[in-house]
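Visitor: What follows is each chain in one-letter form.
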Amino acid sequence: MALMQIAEPGVFTSDRRQPMRAVGIDLGTTNSLIAIVEDGAPKVLSDSNGGFLIPSVVHYEKDGDVLVGANAQLKVLTDPLNTLSSIKRLLGRGITDMARLGDKLPYEVELREGGMPTILTRFGPVSPVQVSSEILRCVASAGKSYFGSEIDGAVITVPAYFDDSQRQATKDAATLAGIKVLRLLNEPTAAAIAYGLNESEEGIIAVYDLGGGTFDISVLRLTKGVFEVLATGGNSALGGDDFDRVIADWLCEQAGIGPSIDPSTQRLVMNIARSAKEDLTRAECTSITTSGWRGVLSREHFNKMIDSLISETMQTCKLVMRDANIKSNQIKEVVLVGGSTRIPLVREKVNDLFGCKARSELDPDQVVALGAAIQANNLAGNRQSEEMLLLDVLPLSLGIETMGGLTEKIIPRNTTIPVSKSQEFTTFKDGQTAMTIHIVQGERELVSDCRSLARFDLRNIPPMVAGSAKVLVTYQVDADGLLNVSAMEKTSQVVSQIEVKPSYGLEENEILRMLDDSIRYSKNDILIRNLREQQVEADRLIEDLTSALDRDSDILTENELLSLQKSVADLRIFRAECTDHNELSARISTVAKTCESFAQRRMNKSIKLALAGQTLEELEKG
Amino acid sequence: MAITMTEAAQLHVARNLSARQKGIGVRLGVKTTGCSGLSYLLEFVDEALKEDRVFDVGTIKVFVDPKSLLFLDGTELDYVKEGINEGFEFKNPNVKNECGCGESFHV
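Protein chains in written order, with the numbering used here: chain A, 210 to 831; chain B, 66 to 172.
Source of the hints: derived by calculation from the structure; they are not laboratory data.
Being a predicted model, the structure only gives us computed values, none of them experimental.
One should not assume that every hint holds.
Reference excerpt, derived from the structure (chain A facing chain B, CB under 8 angstroms, subset only) [as the list claims (entries may be wrong)]:
| id | residue |
| --- | --- |
| 1 | Leu212 |
| 2 | Met213 |
| 3 | Gln214 |
| 4 | Ala216 |
| 5 | Glu217 |
| 6 | Pro218 |
| 7 | Met697 |
Pairs of lysine to any residue residues, derived as SDA-like cross-links and limited to a Cα-Cα distance of at most 20 angstroms, are as follows [unchecked claim]:
| id | chain 1 | residue 1 | chain 2 | residue 2 |
| --- | --- | --- | --- | --- |
| 8 | B | Lys96 | A | Ala216 |
| 9 | A | Lys527 | A | Gln539 |
| 10 | A | Lys433 | B | Val160 |
| 11 | B | Lys126 | A | Glu410 |
| 12 | B | Lys87 | A | Ile215 |
| 13 | B | Lys126 | A | Gln214 |
| 14 | A | Lys433 | B | His77 |
| 15 | A | Lys433 | B | Lys115 |
| 16 | B | Lys156 | A | Asn739 |
| 17 | B | Lys96 | A | Gly362 |
| 18 | B | Lys96 | A | Arg230 |
| 19 | B | Lys87 | A | Ala216 |
| 20 | B | Lys156 | B | Ile68 |
| 21 | B | Lys161 | A | Val628 |
| 22 | B | Lys96 | A | Ser537 |
| 23 | B | Lys146 | A | Ile215 |
| 24 | A | Lys389 | B | Lys87 |
| 25 | B | Lys146 | A | Ala216 |
| 26 | B | Lys161 | A | Lys389 |
| 27 | A | Lys433 | B | Phe136 |
| 28 | A | Lys433 | B | Lys126 |
| 29 | B | Lys96 | A | Ile215 |
| 30 | B | Lys132 | A | Pro218 |
| 31 | B | Lys87 | A | Gln214 |
| 32 | B | Lys96 | A | Gln214 |
| 33 | A | Lys802 | A | Leu818 |
| 34 | B | Lys126 | A | Met213 |
| 35 | B | Lys126 | A | Ala216 |
| 36 | A | Lys630 | B | Lys126 |
| 37 | B | Lys146 | A | Met213 |
| 38 | B | Lys156 | A | Gln539 |
| 39 | B | Lys156 | A | Gln214 |
| 40 | B | Lys126 | A | Ile215 |
Note that beta-carbon positions come from the ideal geometry of N, C-alpha and C, so glycine has one too.
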């Protein structure tokens with residue numbers, strides 16, 4: 210361990226006297242929440258309007274003010290271009306993803322080459338990170354008024370499928386809002402913690418999250434307090450709003466309201482639909498009154514209307530279980546998250562599918578924030594009893610590109626984070642002075658099948674013979690799953706490093722697909738890998754021989770020279786055509802054998818050169 | 066429950082204390098930081114905390130708060146020289162895992 214000196218008192222005692230003001234923040238697509246732990250129990254804080262749910266909506270006012278939450282939501286219909294909602298869908302996304310979503314968005318997106326996408330408002334272009342930071346600032350102010358002073362740190366939840374870019378963007382948004390991020394926590398993991406499921410030894414847990422506009426299903430495996438995300442799936446455009454729309458459509462039809470209605474009537478109808486839906490979670494039927502029409506909607510009828518939508522989520526659950534390679538009876542607990550899981554039909558179907566009673570004692574809107582608060586409290590060291598640090602794991606392996614476009618895994622998937630690993634690499638060519646470090650994510654053998662995260666160059670390597678430079682590459686993943694890579698040439702100590710910054714996002718199911726592919730193509734991948742390795746080997750031999758023949762052709766007879774040149778040329782052709790690694794490997798050893806005597810003579814020649822003109826005495830003196 | 070010190074460590078703590086010209090002893094503790102979860106703390110004590118456990122090691126008073134003691138029970142404080150580096154080292158039997166740099170540990 211590192212050696213220590215005795216420090217002046219201070220750090221420790223001040224830590225203890227003032228418990229850390231740590232909060233949990235659920236930064237949601239539709240709504241955001243903030244929770245704290247008070248006297249050992251988590252609770253959600255209400256904002257200045259007295260509500261627990263703070264709409265994740267930001268409005269840019271004419272007079273230069275920024276409205277967040279319920280006040281901003283009022284402007285959605287009247288000033289859509291300056292009122293940004295569902296910004297989480299864009300957070301950490303690159304230009305390509307944005308271009309795909311572009312025409313579906315109700316506001317103007319500006320895509321600049323090489324930069325982060327921005328949204329055009331009357332404030333000028335704003336980035337999703339900036340918008341998210343406004344939401345976080347508003348949410349944190351609820352914490353500030355609770356504590357009476359600034360919060361010290363926060364655990365912020367993110368969807369399990371968020372990749373490095375999206376996580377980094379979330380962290381950036383928090384930094385911009387002046388919030389210290391204690392850790393980013395996966396939403397399903399937070400829900401499981403809220404139910405205290407991390408205290409049992411192990412088991413498989415499913416988290417069914419049906420919110421206002423998104424559906425997510427995650428399967429987690431708990432081993433000794435560590436949650437590992439086995440699989441995730443979902444639909445980013447399915448949620449409670451769709452149920453409202455179904456009722457609204459039915460209502461319009463019944464009441465004879467035409468298809469082209471003005472926005473205010475439309476909003477009225479949607480509001481009636483929503484309250485009807487909410488009534489039906491408690492009552493068997495509800496009466497509806499709208500512009501001269503009265504009617505009754507029964508729960509049975511409502512169930513029929515939404516049946517296909519809910520069945521769709523069940524299909525996704527089945528797919529995800531298949532991806533995770535588990536059966537429903539292996540699932541120990543199911544946790545319900547999101548307001549729409551209050552609907553009786555949803556609960557019924559979830560219970561049926563998983564064959565057990567889903568956990569729903571906690572408010573499904575609050576459960577993620579509550580879990581985040583518990584985690585924040587633990588991380589801040591405020592918990593009285595034995596401390597338990599919850600660990601996360603890497604969803605995909607992190608690797609580096611090596612010669613031949615192959616992936617060398619530096620940190621395998623499912624490694625618990627934080628983690629730091631190093632590996633030594635060397636140069637391929639004589640006098641090589643730079644090296645490109647290409648960081649990739651994924652399970653496949655070829656770089657082209659993995660996801661490229663970043664690349665950077667290590668320059669100023671002193672020129673050396675191929676293979677003698679020692680480049681130490683270190684991958685470090687912090688507690689939030691963010692990656693820092695550094696490369697150092699050991700003899701010269703030149704260093705270069707990079708932090709993986711937002712580039713572009715992964716599709717929701719991309720991680721799963723990448724894992725699936727790695728299994729599906731594993732055999733083929735290994736074959737290609739073997740072949741590439743032999744190709745690199747062949748290239749090295751060709752390179753070596755060519756340079757040796759250039760330099761030392763004088764020690765060969767003409768015939769020998771011709772025959773060696775021919776075998777190099779042949780090998781070059783064979784390398785380009787051959788598709789079987791065994792054949793190529795055999796050919797390489799044959800060629801290597803034919804030049805053995807040449808190599809020996811070169812060695813002798815260089816020794817002779819070194820010794821030439823020196824007497825024995827001189828040599829002995831050294 | 067016990068905390069011990071090697072002779073070298075006692076000597077150096079005593080020297081440090083007299084050089085500082087104030088203080089009633091040293092505090093051993095753990096903090097929740099570092100890359101592997103917990104890290105050690107070693108500091109002078111001017112004023113004991115109410116909940117502190119106090120150990121007399123030779124002529125030196127060692128203060129440990131009860132929470133840290135859970136992680137430190139059985140620890141021997143040593144003073145070592147490693148090349149040109151010298152300093153205190155915690156020999157803690159509770160440690161299951163250390164991070165690469167040795168800054169932090171895990172129980």
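Visitor: Minimum Cβ distance from glutamate 217 of chain A to chain B below 8 angstroms?
Guide: Hint on glutamate 217 of chain A: holds, closest Cβ of chain B at ~6 angstroms, below 8 angstroms.
Visitor: Is lysine 126 of chain B close enough to alanine 216 of chain A, meaning Cα to Cα at most 20 angstroms?
Guide: Status holds; Cα separation ~16 angstroms.
Visitor: Are the Cα positions of lysine 433 of chain A and phenylalanine 136 of chain B separated by 20 angstroms at most?
Guide: Measuring from Cα to Cα gives roughly 19 angstroms; hence the hint holds.
Visitor: Are the Cα positions of lysine 156 of chain B and glutamine 214 of chain A separated by 20 angstroms at most?
Guide: holds, 15 angstroms
Visitor: Are proline 218 of chain A and chain B close enough, Cβ to Cβ, to be under 8 angstroms, as the hint says?
Guide: At about 5 angstroms, which falls below the 8 angstroms cut-off, the nearest Cβ of chain B leaves the hint on proline 218 of chain A intact, so it holds.
Visitor: Is the straight-line distance between the alpha-carbon of lysine 96 of chain B and that of glycine 362 of chain A 20 angstroms or less?
Guide: holds, 17 angstroms
Visitor: Taking the least C-beta to C-beta distance, is glutamine 214 of chain A closer than 8 angstroms to chain B?
Guide: holds, 6 angstroms
Visitor: Lysine 156 of chain B and asparagine 739 of chain A were given as a pair; does the straight-line alpha-carbon distance stay at or below 20 angstroms?
Guide: violated, 47 angstroms
Visitor: Given the hint that lysine 433 of chain A pairs with valine 160 of chain B, test it: the Cα-Cα distance must not exceed 20 angstroms.
Guide: Satisfied, since the Cα-Cα distance of roughly 17 angstroms is no more than 20 angstroms.
Visitor: Min Cβ distance, methionine 697 of chain A to chain B: is it shorter than 8 angstroms?
Guide: violated, 15 angstroms
Visitor: Sort out whether glutamate 410 of chain A lies within 20 angstroms of lysine 126 of chain B, counting only the CA atoms.
Guide: violated, 40 angstroms
Visitor: Can you verify the interface hint for alanine 216 of chain A: is its Cβ closer than 8 angstroms to any Cβ in chain B?
Guide: Nearest chain B Cβ about 4 angstroms off; hint holds.
The structure is inconsistent with the numbered hints 7, 11, 14, 15, 16, 22, 24, 26, 28, 33, 36, 38, although it conforms to all the rest.
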